[in-house]
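**Student:** Here are the chains, one letter per residue:
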Amino acid sequence: MEYILLVVVFIPLMVSIFLNSISTLLDERLTTFITINGALLSFSISLFMFGFLLLDKFKPISLKLYTWFPDPEIMFEFLLDGLSGTMMLLVTGLGLVIQIFSTSYMSGDPRYVKYFVYFNFFVFSMLLLVMSANFLVMFFGWELVGLSSYLLISFWSEKKKAAKAGNKAFVLNRIGDFGFLIALMMILNTYDTFSFKKVFATTLINQPENLDLIVVFLMIGAFGKSAQFPLFSWLPDAMEGPTPASALIHAATMVTAGVFMLVRISPLLQFSELSSILIISIGLLTALISAFAAINQDDIKKVLAYSTISQLGFMFIAIGAGAYVAAIFHLVTHAFFKALLFLGAGAVIHEMHHEQNIQKMGGLKKKMPMTAAMMGIGTLAISGIPPLAGFWSKDEILASTFANGGIYYVFWALSLLAAFMTAFYMGRHWLLIFHKEPINKIDDVHEAPKMMTRPLLLLGIFSIFIGFINTPFFHGLEKVLHYTLLDVEVTHLPEGIAVVILALISIGAGFTGLGLAYLVYIIDIFSYFKFEIPFIKEVKGLSSNVLYLNKVGHTLFVQIPKSLVRKVAVVIDGLVIDGFVNGVSSFFYKSSKIVSVTQSGFVRNYVVYFGLFLLLLISLFIATPLIAL
Amino acid sequence: MIEVTTDWYLSLGALLFSIGFIGMMVRRNALIMFMCIELMLNAVNLTFITASKHFGTIDAQVAVFFVLVVAAAEVVVGLAIIVSIFKKQETASVDILRSSKG
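The listed protein sequences correspond, in order, to chains A and G.
The numbering of the first sequence is the working numbering, which starts it at 1 and goes up by one.
The numbering of the second sequence is the working numbering, which starts it at 1001 and goes up by one.
Extracted from the complex, chain G is given alone in its bound form (with noise of 0.2 Å):
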C-alpha cells in the first residue's frame, strides 16, 4: 500500500496549476482562460490547505476562503465581460481584442 504524503498533495496543485497556466497561455478563447484561471486558483488553495494540513495550523484555510470569495467576486464581473465581448464581436476570442498594443 502506497502512502498519500503531502507531496503527492503538492505535486497535484503544481500540475494544475501548470495545466492552468500552458492553457492561459496557448488557448485563445476567453471561456477557456478564464477556466484556466479557476482552474490555477483551485491548484493554489489545494496548495494552501496541504500545508495547513501539513503543520497543523488553520492560518491557511482561512486564506483560502479568502480566495474562494474573491473568485466568487470576480466569475461575476469576469462573466460578464465575457458575455459582453461575445455580444460585440460574436466571438469570444481575446486575439482580436488588441487596444492595448504599444
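Same shape as in the complex, but just chain A (with noise of 0.2 Å):
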C-alpha cells in the first residue's frame, strides 16, 4: 500500500523524463495527450489515497524507501499523513487543471514540448518536498523545485529580462536554502538523525538549547521560498515566465512551501517563543508593505504577484499567532482563487496579444463575459467577501491573531489594514481590467477558448465553495491534520459572539475596500475636490517603486559590494597575485635565456659537454681512493 506513494511521486518524472528523451518526435497533440494523461493519472491516484487515509481516520502512512547510512540514520523515507495528503491532492490537482490551461497557452510555442517537461518535473519535486519524511528528502525537494522554478521562470530566455529574473529568483532563494541548510546540519548534529518522526518526539522530551537557532534557520529558508521580507523582490520579477507557470508556481504551491514546512515543524515551533514574534512580525511586514505597492502596479501579473506576497504574509501571519490549521486552510483557498486570477490574467494577456498594462485596458468583460465572471469571483474571493473561500479562511486568520490577546491586538488591527487593502488592490485591478472605459478603443478582443474557460470556470467554482471545508461550524481541515498536529498547541477561534463581530469588521474592511477602489477609479473622487490632496504623487512614487526598496537593495548589495569587489580584485589579484605568477615566470624565463647559449645546436659540441663531464667523473673516481679494485 505505501509503495502508491512512490507512483504518486514518481509519474510525474517519468512523464518528464519521457517527454524530454523523444520530445523530437512529439508534436503539440501527442504532447498534449502524454502530459494531461500524465497529470490525470497521478491526480487519481492521489484522490484514492486521499481516500484512504481518509477512511483510516487520517493515519500517517509512512514508507522507508532505502537507508543511506546506518548511523546517524539517514534514509529516503515518505510520509502521507493529513498535511501532506492536502498538499497532494492540492499540486496534482492543481496541476492537472494548469496543464489544460497551458496546453492552449503555450499552443504554438516552439518549446512547447520543453514547456511540459519542465512543468512536470516540477510537480515531481513539490511532491517530494510535500512527501517527505524527513528533513534531507525534504531539503531534496526544496532544491528541485527552486531549480525547476528557475527553469520556468527563464523559459523564454531570449527575452533579456526573463533570463535576469530567473537569476535573480534563483540566488535569492539561494539565500533562504543557505539558512535551510545550516538547520540541517544543526539538526543533525543536535538530534543525530533527519527523520521528523523522531526529532519531534526529542523535543518534546526536553527542547535542546539551541532550538531557536534551528528554528531561526529553518524560518530564513521559509522566507526565501515564501518570498518574505526582504527576500520577496524575486517573486514580482518571476512573473516574466508563462502565465500558467506562474499560477501554479509563483502563486498556488511552490511560494506556499515555506508556509507548509513551517507548519510541518510546528512542533519546534511552539516551543521557540522568538520565532513566532519574528514569523508573524516579518508576515504583518511583508503583508503590509506588498499591499501598498500592489495599489499602484500597470502590470496585470504584477498586481496579482504583490497579492500573492501580501497574501502569504497572512499566512505566516497565522503561523506565528499559532493558527496553523488557518495557515493551511489560506493556503488550500489561496491556491484555488489565485490561480485562478493568474489563470484568468493568461487568458486576458492571451487575448489582448500580450499587452499587460492594465491602464490600456478596460470595457473587457462585455467582451470576455467569462473571463470577467470568473475573475470577479476570484476578486471577491481574495477580498473575503462571504461566502466565498478567502473569506472563512482569512477570518480564521484574523480571529486567531486576536484570540492570542496582549500584544496581539495590535497584530489583528494591522492585519486587518492589510486585508482592506489587498480588497481595495484587487477592486482596482478587476475594475480597471473589466469594467472602465477603456481610454483606446480596443477591438478585436474576443473571449478566450474553452480550454482556457473551461479550468476557470472549474477553479471558480471551487473559489467559491473551497471555504467549507473549515468553517466555525464544521471542521473539516482541523480533523484531517488531528494527527500532524496531535502534540501541538494550536490557537483556536475566540469563543461565542466575539467571532461573529470579528467576522463582521473583517467583511466590513472587505466591502469598503472595494468601495473605495469604485469611487476612486471608477467615479474618480478625487476630481470633485477641490483642492490637492498633500503628498499623493510621492505616495503613488512610493507605491508603484515598493518603497524603493529594490533599489535600496540594489546599491546595498549589488553595486557596493561590486566596486568593494573590484577595489580589491585590482590590489589583491594585479599585484599580489598576477605579480608573484609573471615573477616566476620572468625568472625562469630570464635564466634559462642565460643557460640556452650552451644549446648552440651542434652535435659535437654536447660531445665536448659529454667528454668534460666524463672527465670530472673520472677525476672525481680517481680522488676517491677508498674504491677497492
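No lab work stands behind these hints, which were simulated from the structure alone.
Heads up, a few of these hints could be off.
Unchecked claim - Only pairs whose alpha carbons sit at most 27 Å apart, straight line, appear in this in silico BS3-like list of lysine-lysine:
no. : chain 1 : residue 1 : chain 2 : residue 2
1   : A       : K593      : G       : K1101
2   : A       : K562      : A       : K168
3   : A       : K590      : G       : K1101
Treat the numbers as computed from the prediction; the structure is a model and nothing was measured.
Using the supplied hints, reconstruct the complex from the two chains, each of which is provided in its own coordinate frame.
**Tutor:** Rendered as C-alpha cells:
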C-alpha cells in the first residue's frame, strides 16, 4: 500500500523524462495527450490515496524506501498524513487544471514540449517536498522546486528580462536555502537524525539549547522560498515566465512551501517564542508592504504577484499566532482563487496580444464575459467577501490572531489594514481591466478558447465552495490535520459572540476596500475635491516603486559590493597574485635565456660537454681513494 | 722479449676510446661520427675483456655480449637515420641540423 506513494511522486518525473527523451518525435497533440493523461493518472491516484487516508481517519502512512547511512540514520523515507495529503491533492489537482489551460496558452510555442517537461518536473519536485518524512528528502525537493522555478521563469530566455529574473529568483532563493542548509546541519548535530518523527519526539521530551537557532534558520529558508521580507523582490520579477507556470508555481504551490514547512515543524516552533514573534512581525510587514505596493502597479501580473506576497504574509501571521490550521486553510483557499486570478490574467494577456498594462485595458467584461465573471469571483474571494473561500480562511487568521490577546491585538489591527488594502487593490485590478471605459478603443478581443475558460470555470466553482471545508461550524481541515498537529498547541477561534463581531469587522473591511476602489477609480472621487491632496504623488511613487526597496537592495547588495570587489580585485589579484605568477615565470624565462647559450645545436659541442663531464667523473673516481679494485 | 701485460691492453682501449671521442668532436660527417661511436664502443669492449682476463671472471664478457647486441641494434637505427638525412639535404653533415639550438 505504501508503495503507491512512490507512484504518485514519480509519475510526473517519468512523464518529464519520457517527454524529454523523445521530444523531437512529438507534435503538440501527442505531447498534450501524454502530459494530460499523466497528470490525470497522478491526480486519480492522489484522490485514491486521500480517500484511503480519510477512511483511516488520517493516520499517517510512512514508507522507508532506502537507508543511505545507518548511523546517524539517514534514509529516503516518505510520509503521507493529513498535511502532505492535502498538499498532494492540491499540487496534482491544480497541476492538472493548469496543464489543461497551458495546452491552449502555450500552443504554437516552438518549445511546447520543453514547457511540459519542466512543468512535470516541477510537479515531481513539489510532491517530493511535501511527501518527505525527513528534513533531508524535504531539502532535495526544496532545491528541485527552486531549480524548476528557475527553468520556468527564464523559459523565454531569449528575452533578457526573463533570463535576469530567473537568475534573481535563483540567487535570492539561495539565501534562504543557505539558512535551511545550516539548520539541517544543526539538526543532524543535535538530534543525530533527520526524521521528523524522531526529532519531534525528542523535542517534546526536552528541548535542546539551540532550538531557537535551528528554528530561526529554518524560518530564513521559509522566508526565501515564500518570498517574505526582505527576500521577496524575486517574485514580482518571476512574472516574466509563462502565466500558467506563474499560476502554479508562483501563486498556488511552490511559494507556499515555506508555509508548509513551518507547519510541518510546528512541534519545534511551539517551543520557540522568539521565532513565533519574528514570523508574525515579518509576515505582517510583508503583508503591509506588498499590499501597499500592489495598489499602484500597472502590470496585470505584478499586481497579482504582490498580492500573492501579501497573502503569504497572512499565512505567516497565522503561523506566528500559532493558528497552524488557519495557515494551511488559507494556503488551500488562496491556491484556488490565486490560480484562478492568474489563469484569468493569462486569458486576458492571451486575448490582448500580450498587452499587460491594465491602464490600457478596460471594458473587457463585454468582450470576455466568462473570464470577467470568473476573475470577479476570484477578486471577491481574495477580498474576503462571504461566503467565498477567502472569507473563511482570512477571517480565521484574523480571529485567531485576536484570540491570542496582548500585543496580538495590534497585530490583528494591522492585519485588518492589510486585508482592507487587499480588497482595495484587487477591486482596482478588476475594475480597471473589465469595467472602466477604455482610453483607447479596444477591438479584436474575443472570449478565450474553451480550453482556457473551462479550467477557469472549475477553479471559480472551487473558489466559491472550497471555504466550506473548514468553517466555525464544520472543522473539516482541523480533523484532517489532527495527527500532524497532535502534540502541537494550536490557537483556536475565540468563543461565542466575538467570532461573529470579528467576522463582521473583516467583512466590513472587505466591502469598504472594494467600495473605495470603485469610488476612486470609476467615479474618480478625487476630481470632485477642490484642493490638491498633499503628498499624493509621493505616495504613488512609493507604492509603484515598492518603497524603493529594490533600489536600496540593489545599491547595498549589488553595487557597493561590486565596486568593493573591483578594488580588491585590482590590489589582490593584480599586484599580489599576478605579481607572484608573473615573477615566477619571468625568473625562469630570464635564467633560461642565460643557460640556453650553451645549447648551440652542434652535436659536437654536446659531445664536448659529455667528455668534460666524463673527465670530471673519472677525476672524482681517482680522487676517492677507497675504491677497492 | 717484452711481455704483453694487462696495462698494454688497457692503454690500447684508452687510446682507441680517445681517438673515437676526438673524432666525434671534430668531424662533421654523420657517417664518420657513427664510425667513431663504434670505435668507442669497441674500446670499451676491449677494456671489459681485459678486465675479465685479469680477474679470471666471466661477468665482464657477458657484458660485452650485451654491448654487441645493443651496438647491432644501434647500427640498424642509426644508419637508417643517416640515410634519411642524406636523402633530405644531399650531404651527411650534421652542422646543418641545428634545430635543438636553445
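**Student:** None of the hints should be skipped; say for each whether it holds.
**Tutor:** A quick look at each hint next to the structure:
1. K593(A) x K1101(G): Holds, at about 12 Å.
2. K562(A) x K168(A): holds, 16 Å
3. K590(A) x K1101(G): holds, 17 Å
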